[in-house]
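Undergrad: Knowing the structure of chain A, use the given hints to seat chains B and C with the ligands on it.
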Amino acid sequence: MRFFREIWALLRISIKSLPRRLDVVLVAVAGFAGVVLVLVAVLSIGQGFKRTLTATGVPDVALVLRKGTGAELSSNLTLNDTEVIGGESGVAMGPHGPLVSPELLVVINRRKRGSRVETNVPFRGVGPAAFVLHPHVHLVAGRLFRPGLNEVIVGRSASRSFAGLALGDHFRSGHLLWHVVGIFSDNGGIHSSEIWTDLPTLEGAYQRGDNYSALYVRLRKRSDYARFRAAVEHDPRLDVRVEPEMRYFAKQAETLSKFIDVAGTILLVLMGLGAIFAALNTMYAVVADRSREIATLRILGYTRLPVLVAVLLESLLFAAAGGLAGALLAYFAFNGYEASTLANFSQIVFRFRVSPSLMGTGIVDALILGFLGGIAPALRAARRPPAEAVRTL
Amino acid sequence: MSSVPPPAIQMTEVSKHYRRGDETVHVLDHFTLTVEPEAFVALMAPSGSGKSTLLNLVGGLDRPDSGRIEIAGTDLATLNEAALTRWRARNLGFIFQLYYLIPVLSAARNVELPLLLLPLSREERHRRVEAALTLAGLPAERHRFRPTELSGGQQQRVAIARAIVTDPPLLLCDEPTGDLDRSAGDEILNLLQTLNERLRKTIVMVTHDPHAATFASRRIDLDKGLVGERRPAT
Amino acid sequence: MKSPLRFSPLVLSALRRHRLRTWLTILSVLIAFLLFGLLQALNQAFYGGIKSAGRRILVSMSAESLVEPLPRAYAAEVAAMKQVRRVAYEVWMGGYYQHHNQILYALAVSPRRWLAEERRFLILAPRRESAWLKDRSGALIGNLVARTYGWKTGEIVPMRSDIWIHPDGRNTWPVRIDGIFSSTKKALGEGLLVHYRYWNDGMGNPNNVSLLRIEVSHLRDLGHVARSIDARFANSPYPTRTASAQTFIKDFINQTADIGVIIEDILAAVFFTMLLVTANTLTRSVRERSGEIAVLQTQGYSRPLIFSLILAEALVLVMVGALAGIGLAALIVQGLRGALEAYLPYLALTRQAILMALGLALGFAALSSLLPVLQVQRLRTVDALRRG
Ligand SMILES: Nc1ncnc2c1ncn2[C@@H]1O[C@H](COP(=O)(O)OP(=O)(O)O)[C@@H](O)[C@H]1O
Ligand SMILES: [Mg+2]
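Chains as they are written, first to last, in our numbering: chain A, 1 to 393; chain B, 1 to 234; chain C, 1 to 388.
Note that these hints are calculated values from the structure, not bench results.
It should be emphasised that the depicted structure is a prediction, and the values quoted were computed from it without experimental measurement.
Some hints here could point you the wrong way.
[Stated by the list, open to error] Below, simulated BS3-like cross-link-like pairs (lysine-lysine); rule was C-alpha separation at most 30 Å, straight line:
1) C:Lys250 x A:Lys112
2) A:Lys112 x C:Lys51
3) A:Lys258 x C:Lys185
4) C:Lys82 x A:Lys258
5) C:Lys250 x A:Lys50
6) A:Lys258 x C:Lys250
7) A:Lys251 x A:Lys112
[As the list claims (entries may be wrong)] Quick look at which bits of chain C chain A covers, simulated, 3 or more residues with Cβ under 8 Å:
8) 19–27
9) 64–75
10) 140–149
11) 265–276
12) 346–358
Glycine residues also receive a C-beta, built at the ideal position from the N, C-alpha and C atoms.
Just chain A, with the same shape it has in the complex (with noise of 0.2 Å):
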C-alpha cells in the first residue's frame, strides 16, 4: 500500500510538471512515434502481401502443374491431361463430370494508373467450373462474360490500378480489342489483381490450341489430398506435379516476406538504437530536472524503488504515447494502402495492412526502447544520494 502511495506520489507530481517541461516530453514522445511509424509501416507491406496470398483459395481444392515448373505462366497442360486427372480417384464430381477447371494464364502490358510505368498485369483464361473451384470470386458489377465474344471480367485490384479496366471500357492488347463487362471481387484474394475472360477465347488469341497452363481440382474431402496427389504423380500418361492450392499461393510470398522481415529487423535494431539514446538523453534530462523534487520527497522518507518505479514508469509513459501515436499514424496513413509488386512476372496488387496486432507489435516495441531508455536513468535518480542531490541546487 505504502508502496504505492509513494508511486502515485512521484507520479502525481511528474504528470503535474508535464507541462512545464512539454518540449522535453514531445521530443520523447515524438522520438518513439517516429520509430513506431516507421516500423510499423515496414512491417504493414509484408503484412497485407502475404495477406493477399494467404487468402487466396481454399483447402479442398490441389493445383496441377507440369512437373519441373515452379509457376503457372510457365506450365504447360493439355485437354488429354485434363481427361486423365478427373477421372483419378479423389477428385469431386458436379452435375457435369469431374470438378475441375482448366486454366490459361498469360500477362498482358498495362499502364500503371497514374504513372507511365508499364506493368504485368495476369490475364487468366477460366473453364465453366472456375467460380465452383475459386468460391472466393464474385461479381460486384456488371455481368458475366460471354464465351467467344472477346468479353472479360477484371479483378476489383485490377481494375482500380491499371489504366483502361474500368467497367465498359475497352482495351487492346496485341492486335485484339477487349471489352470490360464486369467487375468481380476475390475476397483479398491475388486473382483481384487479374483479368477473366473464357479459357477457348484466350486460347484462340494467344495461339495455345487447346494448350492451358494449370489446372484446378476440387477433392472430394480435404484429406483425399495424399491419395489424389499419389494417383497423379505415379499416373505414367502423366508428367505433372500436384501441391494444395493454398500453399502454391503462401508460398509466393515468401520471397519478399523474407526481404521486408529481414530489412525491417535492421531497421528496427539500428532505429531502436536510436530511439535509446533518444531516450536515454530525455530521461537523464528528467531526471536532473527533477533531482530536487526526489532528493526532497527522499529526505521525507520515500524509499529508493518508489523513485525507481515512478521514473521508469515515467518513460515508459512517454514510450506507450509515442508508440500509440505512431502506431495510429501508421494506421490512418497506410492502413489499406494499395500497391504492387512484380511476382513470378506478373503483378499482384496488395494492400498495406496495419493490423491491430502489429499495432500492438509496434507499442511493445516502444515500450522496450522506453525501459531500456529508462532503466539507467532511473537507477541514477534512486541511487543518488539526498544529501548531495540537496547541496548541488
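TA: Same frame as chain A, but now just chains B and C with the ligands:
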C-alpha cells in the same frame, strides 16, 4: 536501562571528510555533541564550515567515516538504507533555507507528502494537513495556493507544516531564515520557538546569523573544533 | 588576423559540460547517418544497374507482355534500318540448377553478335572464346556463378528451365562449360550464355526471340528509331514495344516496388526525429547557460559571435556523428559487398551519397541550432543575469 530518557542527539567522536580532486577536506574531526530532549539548540558557524554536513549526518542522509550517532537512543549505524529512510519518515522533520517545496503541488498537497507514507485514511490525512498548516500560521484561504503564489515567509511556513505533520519529536533546521528578510525571519523563529515550547519538539537549528541564534534556548559556537585542517591525501 | 579557432575552448567546454548528453546526441546522429548510408547503398543496389545499360541501346519486346515472343526475323528487318548500327537478340532461358530457387541467369544468344557487343567488358582467353563458338551445346559462364556452384571448365551442368519444355515434355537443358569469364560489368558475372541455336533446335525451331537489343548510331536517333520500329510492326500479329534499355530496367524495378520512394519516406521520418532530438539537446544546453551567455554579452561578445558559437557547437555534435555514421556505413557496405555480390552486384556507397550526407549534416546542424539561436535572440541580458 535507566529511567532517564536518552539524549535526543548523542554524537560521539564523529569524523567526516570529503575528497575534492586529490585533496582531502576534513569537515568533522572527532566531533562530539549532546542535545537533550526538548531543547532548542542553535549551532553557530560561518558558511562552509560544515553545518549542513552535520545536519545531514544527524538526519541520516549521510554516513560518518567514524564515530557514533545516536538519536533518541537509536544508533544510526545499525539501520540499513531502507530502514534509515523509514526511520526518517517517523522521527524527523527537515526545514531548509530554500524550503524545497514541490512547485507543481499546492501547499496542502506538499504538506500531505509525508503522510502518504503512513496508513491513514484520506479524511485523516486531510484533517492533519489542515491542522499542521493552521498551526504553522498559513492563512486558511492560502492552503490551496501553489508555492510560487506565496511569499518566502509563507513558503517556509508550509515547509514547517510539512516537517511537523507526522508529529516527529526532532526538527532539523538548516538556516531556516537565510533567505528571508528580518521581519519574516523573526516570525519563523517565533514559530519555531512556539513549536519547541508548546509541542515540546527538540529543535536543532544551524545558522551563521547571531540574531537568529538568540531565539534558541542554547547556543553552541562551532567555529573551533568543527573544521579540521586540510591535509594532502595519502 | 586572429584565428576563429581561438574560440574553440569555449565550444569544447560547452560540449564537455554534460559529457553523457554530448555522447548520446552524437550517437543518435551517428545512427541516423548510418541508416542514411545503408539505405543509400541499398538504393544504389537497386537502381545502380540502370546506368550500366548502354545509353545508345534500345530494347524491343512484345507489346503484349514480357513473356510473349517476337519472330527472329524482326532482327534482320530492324538491322536494315538506316540509323541502326547493330541488332542482337536473346531468349530468356528461365534456367535453374536442381531447385527453382537456384536461379541461373541464362540467356540464349547469337554467340558472334553477343561477343562483338560485350567483348570489351570481358576477361576471357581467346582459346575459350573459340571453343564456345564451335560448341553448339556449350556455355560461357560468369565467374560469380562459377564460384557459387564451384563449376569448372569442361563440366556439364544439368540446367533445367522453368519456361521452356522440349516437344517431348522434358525441361532439361544440359550445357558444357567452355569458358569462365570475369567482367567489369557486374551483372555479367552472374550470367550463363548458350547458343541461340541450341535453344531453337531444342524447341523444334519456333524461330522466336524474347527481345531485340538494338544499338543506334547516334544518341539523338534513339526516340525516332524506337517509334519507327513500333510503327512498323503495329499491325502485325506480333506488335512491339521499344524503349531504351535504361527505361526497361527502371520499369522493371519500379514494378517490383517503388523502393526509392519507400526509402526516402523512411529517411524523412528518421531525420525529422533525429533533428528534433538534437535541437532539443542544444536548446537545453543553451538554456542552462543563459546566464553565462549574458555574461559574455556584457563582455562585448556580439550576438552574431554568440550565434556562431552555438552553431559551432551544433556543427561539432552533428559532424562528428555524421562522419562516424557514414564511415561505419561505408565499412559495413564494404564488408557486405563480397557476401552479397551474387544478389546485389551494385551495392555500394557512392561518392555522391557521401557528399549528400555531408550536405545534409550541414543543413541538419544549421536547423538544429536555429531554435537555440532564436532563444538567445529573445534573451535580454538583464533578465538572464537576474535569473543567474
Ligand atoms: N559532497 C561533498 N563533496 C565534497 N565536498 C563537500 C561535500 N559536501 C560538503 N563539502 C565541503 O565541506 C565543507 C562544508 O560544507 P557544508 O557542510 O555545506 O558547510 P555549511 O553548511 O557550513 O556552509 C565545504 O567546504 C564544502 O565545500
Ligand atoms: Mg549549509
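Undergrad: Work down the list of hints and note, for each, if the structure agrees.
TA: To see whether the hints hold, each was checked on the structure:
1. C:Lys250 x A:Lys112: holds (14 Å)
2. A:Lys112 x C:Lys51: holds (24 Å)
3. A:Lys258 x C:Lys185: holds (28 Å)
4. C:Lys82 x A:Lys258: violated (49 Å)
5. C:Lys250 x A:Lys50: holds (25 Å)
6. A:Lys258 x C:Lys250: holds (23 Å)
7. A:Lys251 x A:Lys112: It holds: about 26 Å lies between the C-alpha atoms, which stays within 30 Å.
8. 19–27: This one holds; 5 residues, not fewer than the three required, reach chain A with a Cβ under 8 Å.
9. 64–75: holds (count 5)
10. 140–149: Answer violated; 0 residues pass the 8 Å Cβ test.
11. 265–276: holds (count 8)
12. 346–358: violated (count 0)
Of the hints listed earlier, those the structure fails to meet are numbers 4, 10, 12, in rising order.
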